[in-house]
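Participant: Listed below are the residues making up each chain.
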Amino acid sequence: MKSPHSFIKSMTVIATAVAIMSGSLTALAAEDKEPIKVGILHSLSGTMAISETALKDMALMTIEDINKHGGVMGRQLEPVVVDPASNWPLFAEKARQLLSKDKVAVTFGCWTSVSRKSVLPVYKELDGLLFYPVQYEGEELEKNVFYTGAAPNQQAIPAVEYLMSKDGGSAKRFVLLGTDYVYPRTTNKILRAYLNKHGVSDADIMEEYTPFGQSDYQTIIAKIKKFSAEGKKTAVISTINGDSNVPFYKELGNQGLKATDVPVMAFSVGEEELRGVDTKPLVGELAAWNYFMSQSNPVNNAWKKEWAAYAKAKHLPGADKPLTNDPMEATYVGIHMWKQAVEKAGTTDVDKVIGAMGGQTFKAPDGYTIEMDAKNHHLHKPVLIGEVKADGQFNVVWKSTGPIKAQPWSPYIVGNDKKKDQPEAK
Amino acid sequence: MKIAKIIVALVLAWLFAGTAYALTAADRMLLSAGDNDQRIASIAKVVAAGDASAVPFLKSLLDDSVKVAGSKVFIAGADAVTDAATGVRVELPVNAADVVNNNRMRSELVSAIAALELQSPDVAIRMQAAQALRQSDAGDSTLTLVKNAEKTEQNSKVKSVLGEIRAGIELSGPDQATRLNAAQELGGSTSAQMRQLLVIRLQPGGETDPQVKQLITSSLRAMDARLAYYEQAGIVFTGLSLGSVLLLAALGLAITYGLMGVINMAHGEMMMLGAYATYLVENFFRNYLPEWFDAYVLVAIPVAFILTAIIGMILERTVIRHLYGRPLETLLATWGIGLILMQLVRTVFGAQNVQVENPGWMSGGIELAANLVLPYNRLAIIVFSLTVLLLVWTLLNKTRLGLFVRAVTQNRSMAGCVGVNTARIDAWAFGLGSGVAGLAGVALAQIGNVGPDLGKTYIVDSFMVVVLGGVGQLAGTVYAALGLGLVNKFLEGYAGAVLAKIIVLVIIIIFIQKRPQGIFALKGRSVD
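Going down the list, the protein sequences come from chains A and B.
FYI, in the numbering used here the residues of the first sequence are 1 to 426.
FYI, in the numbering used here the residues of the second sequence are 1 to 528.
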């Protein structure tokens, strides 16, 4: 008969062995099999839902596609979708939840600059990683953020240059119209400085703002008409965001202000925002982006097909008329570049992934192999100007000769013109 | 400048009148492909020939139905593709590329078509052509043509437009006397383009003669005086239009809150349900009765009313009647109901906005002057809200049900004593208020976005109107709605949309401080 002591001893050995084995097993599983959590932070309700819902769906499609092809380093991606409801403080709350509760490796999200500014402190404090897919006003360069949308020199400035050119109508007077928050205000500050430098005096610039969710544009359009009758050729530059664009364009059509008289150049209106608006009176209105759905190239055609199939399979609203747009493209490119960086770094560790991001390239639907800048966290992007067609799509009427390097700090804002082209070290 | 080229060409064409001309395949190619400068030159050449048979092809170019493949030009119509050279139906080649027109090309095409159509036998087409020409910037070499057209023109309206174009060109002519005359004539115009011409003449590099300059200034002043009149009229119109929207939004609340005293926070959601009912009816018509699509609004009106009225009555019977006399609980309960309804809609239709297309007759507007267009959808809403107001007023003041409603709301127990079934009247009245909110939803769907949050944007405005107007009074609601609309639009013209909203709120706060009972107050013993 064995002594109880030796019995306990052997039991302990077994238990320890089991513990070690199971421990190492779970550790192994954590390394190899456990999915990587990916946060998706887009408004699915409220005034910005019109624009942001499609980005959430695009992110889910891309993630599903990556998972189907073996995931990232053999691990599946697990999307965590939250709805900050177009409510800026709620963005920060949801971001904190994603980082500290769900422990996501990366977040794809935000549309308005005010929402991005609201989550920034959270990402800095908890050292998270955010991919921001929308064109914006620049004047920001954070270590924790990658900007896959356009900086002002990749959208706003070329758009104004086009309006002042012969083909754009040689505009001499400008209406800067926007929703009242940081993106339109800053963009218009840059544009005003640019216009002043190019011989447009302050008397020939009118600046107007409306609150979020404005639905009555009668007065504004009357004002634009009056302003345009007071001198040479006028053009409107619109930074109106969200669902206010629908009443704005409806009123524009009803009041008979045509694009051949006073063209409207929009920075936040794409294929998705024009869905359901009667675009026949809007033919010729302009938009500046880095991608249009109407572009024909093999990558874009395949991508559009994939999206149409996904929208149909998931019964997404609007699946009968699947649309892609610039921020959707930026989301798609962003997720793929993050995947490549993780694979290069061999880990999802934020600092290592940030280090591996610079210089990543990807064959994008905009027809170019675009590159993440080695230092400044922005993509090199081509610039396109499109005119609305009767079917709600855009005709590309101008194109930059190739991808342009982003200038996050605008040379037209005093004080920012000398800032360094890379994020400050912590 | 571009008109100059076209017209020079036209005059040349007249000199060679009689030479038969038709578009050749090479012409079509030049018009459709190549860089814009070259295409514009080709347009001028085609117009030079002065052959109106080129118009259909130019129109196809304008509406983007022209395609190019190799050296062939195709026209892709709505139902068939034809070879532009032969007019024969063909399959569109796979490598066919769209002809891209930018705004510059488009305005060149519009002017070319207008110039060719100036000789049309149809007055309406001539009028359109003349107006299109007026919109473009005309140069001095167009003079002969416009003068000729003006001379032969029989229709006085077309003639006066042509006269304006002529004066506009003569304004920068070499002869001082003609310039004086032109400046004088243009003082009578209300066209934004003509005003622009006058302003540009006054800028450096324009007029140098002091006498002409003076006359231009005085003409400009005369024009501005007339335009200012229309501008004021425009502010009043937009004010009335906003006021009528506010009135519609507040009218239902004037019944449920104003008369019945229920602090109805779910009022906005009733409007939202009305808007979604419109969306459903619109979809039904689009899918099953597309030929009757323009009439869907007329069907949506009763559907929205009945749907929201029934929901209102159910709410009253199940929840609200237990809470009469307990305002705080009513507020919370109705707010909760609002949230439930919102979430319900979000679950069924999704959180994104749905699009409600205006019927054809609601698009566009009447142009009274260059700076005053009355859009049809705004006019329709003004008429609609006045009609609803009239019906509600009649119902409350001229019918037995209205009498009972007023009796119950003024003195419930006394009304009960004389045999009025107060519980039933409450249900009817709440149903009526909800139904009117549903009607507001039909109207809101025509001008704004339809989404689950629609109610939230209007509930504050609605309470503002009812409280400002004086609780318990329809007349007060009317005055408050129209007043708020006018004040808001008047301020927006000067202070901008953001500041105007703030100023209006401040004004209301001050007003309520001074006069808590609102503009109109119920007089009599029954008021507590």
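Rather than coming from a laboratory, the hints here were simulated on the basis of the structure.
Small disclaimer: the values here were computed from a predicted structure and weren't measured.
Possibly wrong hints are sitting among the right ones.
[As the list claims (entries may be wrong)] Distance condition first, Cα-Cα at most 25 Å in a straight line; then the derived SDA-like pairs of lysine to any residue:
#1 Lys59(B) <-> Met127(B)
#2 Lys59(B) <-> Gly213(A)
#3 Lys223(A) <-> Lys456(B)
#4 Lys321(A) <-> Met127(B)
#5 Lys456(B) <-> Gly213(A)
Participant: For each hint, tell me whether it holds in the structure or not.
Facilitator: Taking the hints in turn, this is what the structure says about them:
Taken as a hint, the lysine 59(B) and methionine 127(B) pair is honoured in the structure, with Cα atoms around 17 Å apart against an allowance of 25 Å. At most 25 Å may separate the alpha-carbon atoms for a hinted pair to count; lysine 59(B) and glycine 213(A) exceed this at roughly 38 Å. For a cut-off of 25 Å, the pair hint linking lysine 223(A) to lysine 456(B) is broken: about 28 Å separates their Cα positions. Taking the CA atoms of lysine 321(A) and methionine 127(B), the gap is about 39 Å. The hint is violated against a cut of 25 Å.
Under the criterion of a C-alpha separation no larger than 25 Å, the hint pairing lysine 456(B) with glycine 213(A) is consistent with the structure, at around 11 Å.
The structure fails hints 2, 3, 4 (numbered hints given earlier, in ascending order).
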